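Protein chains: 2
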Amino acid sequence: MGYTRLQVRIIRRRIEMATNMIAEILASGDEICSGAILDSNSAHIAQKLEKAGIKVVRHSCVGDDINTIAGILKEIGGRADIVVVTGGLGLTADDLTAEAAANAAGVELQTMLPKGAESLCNLVGTASGFFMKIGRCSAFFMPGVPSEMRRMLSDTVLPRIKKLQGNSRKFRQVKEISLFGLTESAISERITDLKVKFPEIKPGICVRFPEVHIKLYANGENKKNLNELLKNACKWVLKKIGKSAFSVDGDSMETVVGNLLRREKSTIAVAESCTGGLISHWLTNVPGSSYYFLFSGVTYSNKAKIKVLDVLPATLKRYGAVHEETAKEMAEGARRIAGATYGLSTTGIAGPSGGTTYKPVGTVCIGLATPYGTKSHRFNFAFDDRSMNKKIFAMTALDLLRRELLGNVDEIRNVDEIISGS
Amino acid sequence: MGYTRLQVRIIRRRIEMATNMIAEILASGDEICSGAILDSNSAHIAQKLEKAGIKVVRHSCVGDDINTIAGILKEIGGRADIVVVTGGLGLTADDLTAEAAANAAGVELQTMLPKGAESLCNLVGTASGFFMKIGRCSAFFMPGVPSEMRRMLSDTVLPRIKKLQGNSRKFRQVKEISLFGLTESAISERITDLKVKFPEIKPGICVRFPEVHIKLYANGENKKNLNELLKNACKWVLKKIGKSAFSVDGDSMETVVGNLLRREKSTIAVAESCTGGLISHWLTNVPGSSYYFLFSGVTYSNKAKIKVLDVLPATLKRYGAVHEETAKEMAEGARRIAGATYGLSTTGIAGPSGGTTYKPVGTVCIGLATPYGTKSHRFNFAFDDRSMNKKIFAMTALDLLRRELLGNVDEIRNVDEIISGS
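So the protein sequences, as listed, match chains F and Z. As numbered in the working numbering, residues 116 to 537 make up the first sequence, in order. As numbered in the working numbering, residues 116 to 537 make up the second sequence, in order.
Okay, chain F solo, but in the shape it has when bound (with noise of 0.2 Å):
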């Protein structure tokens, strides 16, 4: 039945309130602002945030000059609950930040911290972190090089900030549900009862090419009932959305086809032409992939999808090497050579330039031999990069033998059968 637009607004702002603490974020650096180096640091952090129940309402940037820095710090610590602040910590001329933070809260540096100041100890690198107050503002000081923020935000920041919480600490759940094959206005318009179903739960839809995730938020203080609603959410949004989604826990395409290959103690070879060794590289990124993938041919050149996995030079004369007979002959030949359970292959055209009038740019030709049989697909996709191109068709033929090994549902029964398998 759901709820009016006006009680969906009503619970949304309860939803709101129900988040105690704001926070900021606040990275320094030429190199950032410059836009040089991408910050991953701000969203890593947002993330951990957001976890733990507080609202981030803000991320700035600014360059390495102490009177901008102190100027944002101070504005800052009239605003937020807490700050979260990356870069400029350390011995070079550039690590302005400890002496900006002094300035920002009126306070003297003594021996290169703001005087009342914490040190936070950094087990990984050579310069500290600190804690100060600001105005009435909680600033967490951190060194931009990721892997040292990570390590000291998760060991010493992040317990520091459930303690400021206290008895009040609400938390702030998420689920994910991770696409493939469905666009994102497609997804929109399947869920857009969301809202009047679960009014208590924000979604939010990103695109990581060529992936769509949805993501499903609650906010409460009874961490058991926002995991309830979010997993009846995450049921009703699988009903709509299908066999496109493969998973449901943040696990990616390649560890998802790598848990189902193990299960039913399969393995797989691959013969790639235009994805060039993608399909490869994502499986093996998988810790523990040695005990299913064995073998890829990456074959660019035609000897060598003749030398290598047996191609017939006929089929190459008579079908050119992007052609569904190529692919399954290349499937074959990769599952023969390896001893696999499952061949799977790809060749197709990736561009800028190979494409025709019959085989365009984003043409791609994908095999699955299996021990019951070969098939094989065309595909046309409309990219003209080529670094899109490779992406969306490893992700098409990893997808392929993901709905083999869960036994090619096309009707959907159980939503659970469809994510895991079981």
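Treat each hint with caution, since some may be false.
Because identical chains share one entry, a pair is satisfied inside a single copy or across any pair of copies.
What the hints assert, rightly or not - BS3-like, lysine-lysine: derived pairs with alpha carbons at most 25 Å apart:
| id | residue 1 | residue 2 |
| --- | --- | --- |
| 1 | Lys-418 | Lys-380 |
| 2 | Lys-317 | Lys-338 |
| 3 | Lys-380 | Lys-422 |
| 4 | Lys-350 | Lys-166 |
| 5 | Lys-338 | Lys-277 |
| 6 | Lys-330 | Lys-506 |
| 7 | Lys-354 | Lys-317 |
| 8 | Lys-248 | Lys-380 |
| 9 | Lys-317 | Lys-166 |
| 10 | Lys-350 | Lys-230 |
| 11 | Lys-163 | Lys-317 |
Hints are computed from structural coordinates only; laboratory data are not their basis. Note that the coordinates shown come from a computational prediction; the quantities given were computed from them, not determined experimentally.
Assemble the complex: chain F is given as a structure, and chain Z must be docked to it using the hints.
Only chain Z this time, still in chain F's reference frame:
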């Protein structure tokens, strides 16, 4: 000879002043603010603005809240000459930017745009951008979808910004040197005298693991003079860092290696164990790589090493899979099967498991078969991260091939030779 510290500071200050307009960047969106999506737009915009001679002093990011967006736009309107905003354009409930901009400027919203705003057309998507003044600040609003934003930025926004600069236009030129094999601190030490030799140039070092990039920035009115200055500084830096530099024009390692192979009309075949296809993935990311890249055998299992690459079972039995001898046979096998000029191989332990006392995680053996014989090397890296190990193994292998193709110069006679191989 150089300059004194005081002179350096004065020159730096003068250059800083030469940059005439200051800009800020604002990203809006709950998914960015909560860290679910990494904001790559802001870094891209910053790079382009800096290149146009405009100093970026601050980036900010806020969630989809109309009051917050309006508030920060008003702030920026009072501070900056230019603001470039991304996100929140379109027709859904979260798309609040136009209304927020109208609030900030104190104007009405008319047919979806703030009164007086000019629409900026979107050639690759549905949501138009717009331009308006907020206070004294020229504000450009663009969609958050990276491909749409990039197109609108280059086609519409940057040309308008150049017009705003008028005759007072300053330039900011950059030279980028890409390195592999030296740490950030080793580089800092070697180029520490840069600031006294070339006080007009501001250096920046950024790590994109496993590469390191030295950026040299110069600001001023005469583009030709700036480029001459940067060229001299670049030569100076190259003398200090030597063969570790692999490009001075932003080319990737795989592009450099590809160009060297093309120049001598050579071909390459690869045999990968621990790198799992990453070397071939990188090599085939380069358009036109099919001219020189013939084949890669990703031989995870010993069986595949024997069957596909003709590695002798006796070698595997005597030395094990991770050994210089095995690496040699793998490289020779790949070279022979594909009929390639060079064969390159990797076999090692990427982790997290599989390490022993004698062959700990991070051990890799790399083989290089050439028309004049086969070499192999063993390296030990100290990372306990599978993905980092795969990257540094693959990059080390490509770097060995690069040095071979350059004639393996041991002494630096001519810095140009190191880079271009000419």
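Of all the hints numbered above, which does this structure not satisfy? Sort the numbers upward. Hints 8, 10 contradicted; others consistent.
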